[in-house]
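Chemist: As you go down the protein sequences, you meet chains A, B and C in turn. Quick note: the first sequence, position 55, residue 55 per the numbering used here, numbers continuous. Quick note: the second sequence, position 119, residue 119 per the numbering used here, numbers continuous. Quick note: the third sequence, position 213, residue 213 per the numbering used here, numbers continuous.
Worth flagging that the hints you see were computed from the coordinates, not collected in a lab. Hints may be right or wrong, so weigh each one.
[Unchecked claim] Here are some chain C residues the structure puts well away from chain B; computed CB gaps all over 12 Å:
id	residue
1	I43
2	A100
3	R157
4	E159
5	I283
6	P340
[Claimed, not checked] Covered, in the sense of this in silico footprint (three residues per stretch, anywhere, with C-beta under 8 Å from a C-beta of chain B), are these stretches of chain C:
id	stretch
7	86-94
8	131-139
9	222-235
[Unchecked claim] With a straight-line cut-off of 25 Å between C-alpha atoms, the simulated DSS-like cross-links for lysine-lysine are:
id	chain 1	residue 1	chain 2	residue 2
10	A	K8	C	K250
11	B	K133	B	K74
12	C	K108	B	K74
13	C	K125	B	K74
14	C	K327	C	K314
15	B	K150	C	K108
16	C	K250	C	K49
17	C	K49	C	K332
18	C	K49	C	K314
19	C	K2	C	K215
20	C	K125	C	K250
21	C	K125	C	K108
22	C	K2	A	K8
23	C	K332	C	K314
24	B	K74	B	K144
The structure displayed is predicted, hence computed values, not measured ones. For glycine and all other residues, C-beta sits at the position ideal for the given N, C-alpha and C.
Here is what each chain is made of, one letter per residue.
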Amino acid sequence: MCLAIPGKIIEISADNPDSALVDVVSVRRRVDLGLLQDDRPQPGDWVLIHVGFAMSKISEEDALDQMQTLAALGEAEAAIQEIQGYGLGEGTGAETTQEQPLVGDKLE
Amino acid sequence: MQTIVEESVPARIRFREPQIEMAHGAGGKASRRLVEGLFAPLLFGASSEPLADASFVSIDGTRIAITTDSFVVKPLRFPGGSIGELAINGTVNDLAVSGARAEALVCTFVLEAGLPTEILEAEVRAMANAARKAGVKITGGDTKVVEHGKADHMYISTTGIGRPLHGVRIDPQSVRPGDKVLLSGPIGDHGITILLARRELDIEADLSSDTRSVLPLVEAMTIAAGPGIRWMRDPTRGGAATSLNELARDCGLGIALHEDQVPIHDAVRGACELLGLDPLHIANEGQFLAVVAPAYADAALNALNLTPGGEEACIIGEVADQPAGSVLGITSYGGTRIVDMLVGDPLPRIC
Amino acid sequence: MKFVDEFREPELITKTAEEIRRLADPTRHYRFMEVCGGHTHAIYRFGLKDLLPENIELIHGPGCPVCVLPMGRIDDGLSLAMDPNVIFAAFGDMMRVPGANGSPLEYKARGMDVRIVYSPSDALKLARTNPDRHVMFFAIGFETTAPSTALTLMRARSEGIRNFSVFCNHVTIIPAIRAILDSPDMRLDAFIGPGHVSTVIGCRPYEWIVHDEHKPIVVSGFEPLDMLQSIVMLLRQLQSGEAKVENQYKRVVPWEGNRAALRAMAEVFQLRPYFEWRGLGFISQSALRIRDEYAEWDTERRFQVPGVRVTDPKAAQCGEVLKGVLKPHQCKLFGRECTPEHPIGALMVSSEGSCAAYYNYEHRKAATASVLSSTA
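All chains, please: the whole structure from these sequences, using the hints.
Modeler: The structure is reproduced here in structure tokens:
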């Protein structure tokens, strides 16, 4: 459990609002929207597909946020090392290596 | 007076399964078990030669390649081709990757009673066209008709003989660590096309079978890099993973496969992701793999890229000492996994 | 964004792996369980173990719905396939799973009408197009899949399709996690939580793990970056001594779950008082049965189901491997009597089964370091 794939809604069927044509890496598939009736997706939205049903909408915002968090990993570390490299005195560098990266709280 | 001819050496059958399953025809481990465990001991005698796409026989000092293949496909017609094309190209390709140019084919038809003539005619025309394109003569054949329901419309079998290509000798024992693995083009197109053409899935894609003769590509590669070509195979049923595993087993070495280098069309990728299939296990009908000595690899690749139809050829890996007998898939970030051959046909999954 | 390739981006993967190395305390041995079989498969498919330091051990959990299905249930389903009037429909995952008298594919080879479907709707479609036959859908899966089965049953009822029934083997994930934590042999530090089940049940159902057991759990996606980021999050929690439920898979998993899906499940299913799990024994309130209102579409009430109980061969250690107590290669039968070609238990044939994953992807992976260095 459980193979689920992201797909983009191309069009909603005219005679059945629960049926949509979805694009998955240039393959088109009919997908059932019955489980998303509380928050109906529109053409252009991305959904997660499992056994032919859309399970959830995919938030591009959250995805981008995640990518930024990951990209920042190591940058904070690099910044810390750079500061240490300035040799501003023993006390300054030692503590910062123990700290968590600055972006830690973004993961909530 | 009757003489009873006895077997001079009783052949040992290693195949212990009580019945034949679909898996035995899928080209994977089960197929191999059947061939090595039942057919080989009884039919091929004491020969310990590894099984290859074609075999060579010597007639009065002349080496001739010979191969046979049968074609069972549903549906008969699909985007990019039909059973007729497969029947010609499949055998031409088996000869090509064995280092031979197909000279003549004979074909057998097993037809189902009730088959509309126009369907048969369409396939025979397709075969004639494919043979013309591939530059091979069809010199004879046989026909049988079976009762309705005993054949999926038609089964075609082709046997081909070929003339060895000059300057190339295929031998898995000549493979060495450091040799490069080349692939002629994108994988998975044929198998996924067939799957979608069966219309059991609500999936549509812009895909067609890659069926074609690979002889022109093989010939170009042979001219440029003949002495360096160690091994070739066309990855049909069972996919590239199966062919590479067969090589690894036959030469006792390992294959390092750089997964991100393997060309795969988007639609194949998408369909495989949706169904939980691995493109490396999907059948191809117009591609081949080649192992080439490092000194000749660039010349071989170049020759392919410059030949029409070989533009997407690339190097996808190399031979290594380890893991001996297996294929190791390596991702661009250094993750590794063993790429095995399947037991039977790839099955879609939801989990 | 396409939501797949971005999460396989090599530079980010390398960065995240470095962060894991930085965070992992070299004096500790971490034991993280990934509950879900899909995560087990992802770990092997993407070769993620190669990116982790030696002191992080990933233990495979029981979240493989095929693996935990007792053989008897397969035999029960297949006994109905013997009726020439019945079409037995199931997902591809089930096709090679051995029953006492063979797998569904073997039954098909013997002439029984066994079909692979990709969705419960496909099975219902079969019923519509074969009005003179009965279509029996062998339903498996955790809460990810159950809502789709539920919706399909609701449609069958509203359309009055009578030649359709579901043999329901849906199971629920929380009792399985409880069984793991109750097991005396288990010593775990944290959980990588099931990503797709959580799109339905949300993240709240895991709160007891942090409150009662004080173990962190991060609900994770399935791409390499998702799983690596989840491990970073677990390490951070352990480092700071906290234990909470975190949602790494935010782009897909809503904290409150999918209400419409939960409603569909509640309409059609109710909890069985108990259900037998392969390897874990009987667990109460851990599986779904079809409600009385839908009895007509319940295979177990439409037909006489034998109710076979088949015990696993004594030497097979499926249970211990399922619970993560044993690694696949530590089972006595692994690689010998039990291989993907002749599997004894479902763990060797299911695409997510840890034995199959280990055999197909890991086994024989000796000296990979030498391969990587020579091909770099």
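Chemist: Hint by hint, work out which the structure violates, then give me just those numbers in ascending order.
Modeler: 1, 6, 8, 9, 18, 19, 20
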